[in-house]
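> Sequence:
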Amino acid sequence: MAALKSFEKPLTPEEEIEYLTKFKIENDKSAKDILIERNMRLVAYIAKKYNNSTEDQDDLISIGTIGLIKAIETYNIDKGTRLATYASRCIENEILMNIRSNKKNKSQVSLQDPIGTDKEGNEISLLDILGTDVNYVLDEVELKVQVGKLYEQLNKILTPREREIVQLRYGLTPYGYKTQREIAQRLDISRSYVSRIEKKALKKLEKELVQEN
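Numbering that gives the first Met the number 0 puts the sequence shown at residues 0 to 212.
Calculated from the structure, these hints are not laboratory results. Some hints could be false.
To be verified - In the DSS-like style, the derived pairs of lysine-lysine whose C-alpha atoms are separated by at most 30 Å in a straight line are:
id : residue 1 : residue 2
1  : Lys199    : Lys177
2  : Lys48     : Lys203
3  : Lys48     : Lys155
4  : Lys47     : Lys28
5  : Lys8      : Lys48
6  : Lys21     : Lys78
7  : Lys23     : Lys8
8  : Lys155    : Lys78
As the list claims (entries may be wrong) - Restraint-style ranges between C-beta atoms, simulated for each label pair:
id : residue 1 : residue 2 : range
9  : Lys28     : Asp77     : 28 to 34 Å
10 : Ser5      : Gln184    : 37 to 43 Å
11 : Thr158    : Glu181    : 18 to 24 Å
Glycine is no exception: its CB is placed at the ideal position from the N, C-alpha and C atoms.
Work out the full structure: start from the sequences and follow the hints.
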């Protein structure tokens with residue numbers, strides 16, 4: 000959090016309206032520059048959420064800044080919402096798109112590597128999961144997973160919602176294993192929707208992680 004201190008303080012609501020008006024109505028480019036500078040703390044905060052061993056913090060901030068600029072340029076001043084609310088989605092979307100794009104250029108993870116054990120204590124790999132009938136995986140397989148190793152793989156491939164559901168289903172959180180019904184109640188969505196997201200996530204893992212011969 001100390002790094003956030005190096006950025007300018009956010010604008011007050013009154014200042015935000017003032018500079019947005021200057022930029023949107025008067026086409027004042029200096030007002031746009033101020034809007035960018037005074038929202039860099041927001042960019043850094045969001046970038047920090049996605050900072051891991053595969054993404055450099057400075058790169059994420061640069062990418063997030065592109066999202067911020069797009070947000071400022073497309074923001075509708077008549078909507079009545081704060082710029083930060085709208086910009087947060089644009090910044091996060093820009094970072095996620097970049098991560099998804101970059102993952103295809105990174106060396107693939109071997110599905111042969113053990114990531115945990117099954118109920119009998121036998122080593123199990125992602126290949127064991129993905130090579131099994133999906134319905135069996137969803138209903139029967141229980142894993143004790145080495146969280147750090149698998150979590151990095153999930154970050155590269157899945158969306159935040161897909162990652163959250165897979166983590167809850169396979170005990171990758173402090174809350175332990177959760178049924179689809181429990182996850183649905185926790186996320187306030189239907190059980191069938193949880194099932195669809197989980198199946199989609201497993202298919203994405205299979206598609207992206209299986210090494211080509």
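> Would you mind marking each hint as holding or not holding in the structure?
Here is what the structure says about each hint:
Distance hint between Lys199 and Lys177 is fulfilled; the C-alpha atoms sit about 18 Å from each other, no more than 30 Å. Only pairs whose Cα atoms come within 30 Å are accepted, and Lys48 paired with Lys203 is accepted, the gap being roughly 22 Å. With a CA separation close to 14 Å, the supplied pair Lys48 and Lys155 stays within the 30 Å bound. Simply put, Lys47 and Lys28 have alpha-carbon atoms about 28 Å apart, close enough for the 30 Å limit, and the pair holds.
For the proposed pair Lys8 and Lys48, the alpha carbon gap of about 20 Å is at most 30 Å, so the pair holds. Our distance criterion of 30 Å between C-alpha atoms is met by Lys21 and Lys78, whose separation comes to about 17 Å. For the hint pairing Lys23 with Lys8, the CA-to-CA distance comes to about 22 Å; that is within 30 Å, so the pair holds. This hinted pair does not check out: Lys155 and Lys78 have alpha carbons roughly 35 Å apart, beyond 30 Å.
In this structure the supplied range 28 to 34 Å is violated for Lys28 paired with Asp77, their Cβ-Cβ distance being about 21 Å. In this structure the hint that Ser5 and Gln184 lie 37 to 43 Å apart at CB holds, the actual value being about 42 Å. In this structure the supplied range 18 to 24 Å holds for Thr158 paired with Glu181, their Cβ-Cβ distance being about 21 Å.
Violation of the numbered hints given earlier is confined to hints 8 and 9; the remaining hints are satisfied by the structure.
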